[in-house]
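**Q** For reference, the chains in residue letters:
There are 2 protein chains.
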Amino acid sequence: MKIEELGERGLIERITKKFRIEKPVVTVGAGEDDCAVIEIDAAKKESKYLVLTTDTLQQSTHFPDGITAFQMGWSAVAANLSDIAAMGAVPFAFTISTGIPARTEVSFVDELLRGIETCASTYNTAVVGGDVVLSNEFILTGMCIGFTNDPVRRSGANLGDLLCVTGSLGNAALAMKIIKNELKVKEVPEHIEESAKKSLFQPQPRVNEGFVIANSGVVTSMIDISDGLAISIAELTRCSNLGAELYKENVPVFSEEIRSRLDLSVRECIEIAFYYGGDYELLFTIDPLALEDERLMSKLKREAKMSIIGKLVLPEEGIYFEIGGVDVEKEPIEIRGYQHF
Amino acid sequence: MKIEELGERGLIERITKKFRIEKPVVTVGAGEDDCAVIEIDAAKKESKYLVLTTDTLQQSTHFPDGITAFQMGWSAVAANLSDIAAMGAVPFAFTISTGIPARTEVSFVDELLRGIETCASTYNTAVVGGDVVLSNEFILTGMCIGFTNDPVRRSGANLGDLLCVTGSLGNAALAMKIIKNELKVKEVPEHIEESAKKSLFQPQPRVNEGFVIANSGVVTSMIDISDGLAISIAELTRCSNLGAELYKENVPVFSEEIRSRLDLSVRECIEIAFYYGGDYELLFTIDPLALEDERLMSKLKREAKMSIIGKLVLPEEGIYFEIGGVDVEKEPIEIRGYQHF
Numbered sequence: 000m001k002i003e004e005l006g007e008r009g010l011i012e013r014i015t016k017k018f019r020i021e022k023p024v025v026t027v028g029a030g031e032d033d034c035a036v037i038e039i040d041a042a043k044k045e046s047k048y049l050v051l052t053t054d055t056l057q058q059s060t061h062f063p064d065g066i067t068a069f070q071m072g073w074s075a076v077a078a079n080l081s082d083i084a085a086m087g088a089v090p091f092a093f094t095i096s097t098g099i100p101a102r103t104e105v106s107f108v109d110e111l112l113r114g115i116e117t118c119a120s121t122y123n124t125a126v127v128g129g130d131v132v133l134s135n136e137f138i139l140t141g142m143c144i145g146f147t148n149d150p151v152r153r154s155g156a157n158l159g160d161l162l163c164v165t166g167s168l169g170n171a172a173l174a175m176k177i178i179k180n181e182l183k184v185k186e187v188p189e190h191i192e193e194s195a196k197k198s199l200f201q202p203q204p205r206v207n208e209g210f211v212i213a214n215s216g217v218v219t220s221m222i223d224i225s226d227g228l229a230i231s232i233a234e235l236t237r238c239s240n241l242g243a244e245l246y247k248e249n250v251p252v253f254s255e256e257i258r259s260r261l262d263l264s265v266r267e268c269i270e271i272a273f274y275y276g277g278d279y280e281l282l283f284t285i286d287p288l289a290l291e292d293e294r295l296m297s298k299l300k301r302e303a304k305m306s307i308i309g310k311l312v313l314p315e316e317g318i319y320f321e322i323g324g325v326d327v328e329k330e331p332i333e334i335r336g337y338q339h340f
Numbered sequence: 000m001k002i003e004e005l006g007e008r009g010l011i012e013r014i015t016k017k018f019r020i021e022k023p024v025v026t027v028g029a030g031e032d033d034c035a036v037i038e039i040d041a042a043k044k045e046s047k048y049l050v051l052t053t054d055t056l057q058q059s060t061h062f063p064d065g066i067t068a069f070q071m072g073w074s075a076v077a078a079n080l081s082d083i084a085a086m087g088a089v090p091f092a093f094t095i096s097t098g099i100p101a102r103t104e105v106s107f108v109d110e111l112l113r114g115i116e117t118c119a120s121t122y123n124t125a126v127v128g129g130d131v132v133l134s135n136e137f138i139l140t141g142m143c144i145g146f147t148n149d150p151v152r153r154s155g156a157n158l159g160d161l162l163c164v165t166g167s168l169g170n171a172a173l174a175m176k177i178i179k180n181e182l183k184v185k186e187v188p189e190h191i192e193e194s195a196k197k198s199l200f201q202p203q204p205r206v207n208e209g210f211v212i213a214n215s216g217v218v219t220s221m222i223d224i225s226d227g228l229a230i231s232i233a234e235l236t237r238c239s240n241l242g243a244e245l246y247k248e249n250v251p252v253f254s255e256e257i258r259s260r261l262d263l264s265v266r267e268c269i270e271i272a273f274y275y276g277g278d279y280e281l282l283f284t285i286d287p288l289a290l291e292d293e294r295l296m297s298k299l300k301r302e303a304k305m306s307i308i309g310k311l312v313l314p315e316e317g318i319y320f321e322i323g324g325v326d327v328e329k330e331p332i333e334i335r336g337y338q339h340f
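Those protein sequence lines, which keep their order, are chains S and A. Be aware that the first sequence starts at 0, since it is given in numbering that gives the first Met the number 0, and climbs by one per residue. Be aware that the second sequence starts at 0, since it is given in numbering that gives the first Met the number 0, and climbs by one per residue.
Check before you lean on any hint, since a few could be wrong.
[Stated by the list, open to error] Below are the BS3-like pairs computed for lysine-lysine, each with C-alpha atoms no more than 25 angstroms apart in a straight line: (1) K304(A) - K197(A); (2) K247(S) - K176(S); (3) K183(S) - K247(S); (4) K247(A) - K300(A); (5) K44(S) - K47(A); (6) K44(A) - K44(S); (7) K47(A) - K22(S); (8) K185(S) - K197(S); (9) K44(A) - K47(S); (10) K44(S) - K22(A); (11) K247(A) - K298(A); (12) K44(A) - K22(S); (13) K22(S) - K44(S); (14) K22(A) - K47(S); (15) K197(A) - K185(A); (16) K47(S) - K47(A); (17) K22(S) - K47(S); (18) K300(S) - K247(S); (19) K247(S) - K298(S).
Derived by calculation from the structure, the hints in this document are not laboratory data.
Sequences and hints are given; from them, build the entire structure.
**A** The following block contains the structure:
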């Protein structure tokens with residue numbers, strides 16, 4: 000059955016049935032009334048701040064070939080959760096507005112909804128509302144609210160702070176290169192292909208990592224890097240009015256195994272890590288005094304998968320790679336990244 | 000200049016400049032960081048509940064021919080505010096995600112943004128965030144949060160409660176009939192045409208009316224009727240598990256002048272009032288004891304433009320017009336309304 004046969008009310012009923020709530024403080028959930036209703040004090044607990052964000056994913060621009068309906072729904076939630084994570088906040092509730100082509104099979108929509116519900120519940124977020132329209136292509140607009148006592152801004156970095164990222168970079172870009180057949184090697188080992196594709200098709204927002212970083216006591220600024228690392232470094236340093244010195248060899252991009260199996264040079268790895276979007280990781284800065292606290296450092300490495308990739312310098316120095324040697328040399332980095340149009 | 004020449008970052012900068020904030024409790028506004036940040040206690044004041052809603056308007060489905068860019072932006076905000084109003088809540092902050100065709104003139108987008116900003120600020124709502132993508136047609140997804148101490152549900156009506164609406168019905172439908180040349184008379188007086196078109200193109204969400212009703216002490220349920228009056232009566236009675244008896248002559252549809260100038264029969268007026276969408280009015284029920292409080296009744300008539308159009312009856316009686324006379328007769332009403340697909 001196609002969704003145009005189901006009709007608007009039929010579809011909305013089908014959707015809202017899947018999002019029956021969970022959280023007792025959500026007094027009114029999806030499809031039950033004109034608005035969702037949330038008991039604020041119970042929801043926010045001790046938090047002083049409400050954070051909110053909206054992010055749209057659209058088939059022609061954001062969804063790579065081969066993505067499943069489940070993964071489309073998952074990604075629409077993940078994109079919004081990544082913004083919440085970048086403030087160090089805890090996500091609470093989510094709404095989703097969906098444009099769907101009229102000839103879509105109802106079973107496809109069911110899978111899309113399952114992806115939305117699975118990602119939201121994985122991160123303890125309630126789907127509390129939404130809307131649905133017919134459109135030429137899939138277009139998913141999510142909106143997420145969360146709470147925090149101490150939102151981590153892009154603008155808080157200080158001169159000398161250490162520049163860090165979570166996780167491992169370049170996996171989404173690697174999947175795109177595999178799909179487009181742009182690698183030098185003809186055969187990519189299956190486990191490498193699978194893990195890269197999972198990063199691209201079903202990205203994991205760094206909600207827990209963002210929370211650990213925000214509560215470390217040493218973080219000074221944070222930003223989501225899904226638009227690309229280079230452009231995110233440029234944005235963070237612009238907001239903090241500073242420059243950045245980067246260490247190529249510290250950038251966490253692929254394992255030794257992947258580099259050698261795929262015959263990738265350091266230059267190629269850096270290109271992949273810096274100039275492609277799709278890595279749902281966080282870029283942040285910490286006070287260099289943190290280095291003296293071994294327990295904290297090992298907690299950040301373990302729980303936030305932190306790598307230190309550089310430090311903040313005076314704004315007139317710009318953004319550059321430090322080339323080691325007796326006299327330190329600088330290789331300016333180009334600021335380009337992923338713009339959707 | 001077209002927006003595709005401006006690029007994504009250029010467009011976002013242009014947009015966020017227009018939404019520089021206003022409210023001191025909005026710590027971080029549109030385009031400043033990964034999320035907007037709001038000081039909850041200062042924003043909610045004494046309210047116990049956060050309400051949130053999302054609504055999408057799309058050119059091919061929701062925007063009538065002849066609508067301006069300003070009015071498209073206005074309407075995207077108004078549709079969401081109408082949902083907030085239907086809970087009796089006070090709107091606080093708004094985000095807007097916009098799909099825009101690549102060949103759109105930047106000046107058109109500027110007007111669209113001016114419409115968003117004007118509607119939001121008219122109702123004391125801060126635009127705190129958004130997103131923008133290229134799409135085949137305009138598609139505007141708004142999300143609004145508000146606060147209230149006492150959300151008015153669809154499901155609270157009791158047997159014997161009075162069924163009421165705000166304002167005057169049928170104006171948006173009249174404008175559609177004028178545009179489509181579906182009226183019997185050839186010449187519609189200019190002031191009638193103008194006022195009808197304003198209802199259709201630039202609807203006024205009943206935020207103040209909703210607040211007055213919610214705080215009257217006598218309201219038991221409320222719903223927005225922008226999908227049509229008949230379908231909204233059906234929804235409110237379904238949620239409250241009741242039926243409704245309606246009085247045709249009490250339904251506030253057009254002035255005597257309009258009826259006669261446009262040669263409209265009572266049947267046609269009722270058809271227009273019940274079965275077309277686009278009236279941004281509120282349907283609500285009040286305790287019949289309210290009738291004894293003359294001051295309250297005149298306040299509701301004056302400030303919420305209330306008309307009493309029926310009363311709630313047992314569910315097995317259904318929804319019908321009462322036809323006066325010695326033996327009361329019933330004319331069942333058909334439940335159909337505006338479905339977008």
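**Q** Decide, hint by hint, whether the structure agrees.
**A** Going through the hints against the structure:
no., hint, result
1, K304(A) - K197(A), "holds, 18 angstroms"
2, K247(S) - K176(S), "holds, 21 angstroms"
3, K183(S) - K247(S), "holds, 22 angstroms"
4, K247(A) - K300(A), "holds, 18 angstroms"
5, K44(S) - K47(A), "holds, 13 angstroms"
6, K44(A) - K44(S), "holds, 16 angstroms"
7, K47(A) - K22(S), "holds, 16 angstroms"
8, K185(S) - K197(S), "holds, 20 angstroms"
9, K44(A) - K47(S), "holds, 13 angstroms"
10, K44(S) - K22(A), "holds, 24 angstroms"
11, K247(A) - K298(A), "holds, 24 angstroms"
12, K44(A) - K22(S), "holds, 24 angstroms"
13, K22(S) - K44(S), "holds, 14 angstroms"
14, K22(A) - K47(S), "holds, 16 angstroms"
15, K197(A) - K185(A), "holds, 20 angstroms"
16, K47(S) - K47(A), "holds, 15 angstroms"
17, K22(S) - K47(S), "holds, 20 angstroms"
18, K300(S) - K247(S), "holds, 18 angstroms"
19, K247(S) - K298(S), "holds, 24 angstroms"
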